[in-house]
Amino acid sequence: MKKTFSIIGGLFLLLYIFIAAGVVTGRQWVESLDMYFIRTIQSTVTEPGASIISVLTDIGGTEAIVVLTLAVTITLFIKKMYTAGMWFGLTILISPGIFVHVMKPIIGRDRPEFMRLAAESTHSFPSGHSTASTVFYGILGLILIMSVQKIWKKVIIAVMSFTIILFVMSSRIYLGVHFPTDVLAGFSFGAATVLLSLSLYHLVRPKFYQWLKSKDIHDKSPSLFK
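When you line the sequence shown up against the working numbering, it's residues 779 to 1004, in that order.
Simulated from the structure, these hints should not be mistaken for lab results.
Because the structure is a prediction, the values reported are computed rather than measured.
Incorrect hints may have been included.
Below, computed lysine-lysine pairings styled on BS3-like, alpha-carbon distance capped at 25 angstroms [to be verified]:
{"id": "1", "residue 1": "Lys985", "residue 2": "Lys998"}
{"id": "2", "residue 1": "Lys857", "residue 2": "Lys998"}
{"id": "3", "residue 1": "Lys985", "residue 2": "Lys858"}
{"id": "4", "residue 1": "Lys857", "residue 2": "Lys991"}
{"id": "5", "residue 1": "Lys857", "residue 2": "Lys781"}
Can you make the complete structure from the sequences, with help from the hints?
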């Protein structure tokens, strides 16, 4: 399973690079894809819907993700899952926290100027909300999926996790603050982060466990691969 996760994670990373290259070089397929989904999604905009979605979209925003990440990380430390706690917190800090903020000015893409229903001041690519929600809810979903045995429970968790991520992605287009390729790139990089970081966790956990043991600290972090 570790090898499979690494391969799929690598494919998502390649997809992100492909989209980024298309945006930077101004490929026609980027504009065509963006305009199609902007028209499709924004054709459903209503005033009540915009009011609700402008609030709910923040489940993928910086403040919410920071609070939720701290809550999960602290919970893992309380349960003496030190490696898991560090992995969870650092993955979210590095990927959506640092990487997105570095990439936005490098790509330098302006935000859409169509129907802007929310205020944003930073560059557009990649979508920070999409990256953060994919990493946070993706990792949390996978941990929960691997912690239950029944197939129907795994399916429910997977559907709920993906639904939240998809909602955040589509809400950014709905509110006119991102191009579809922004959110697709955010999802792609987020998915790559989740899968590749799981492989890294698998490699690091035994070594970190032994190091903690040498300090008389018992680590209860689980193996996420069966």
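| task | Give me the numbers of the hints this structure contradicts, sorted from smallest to largest. | result | 5
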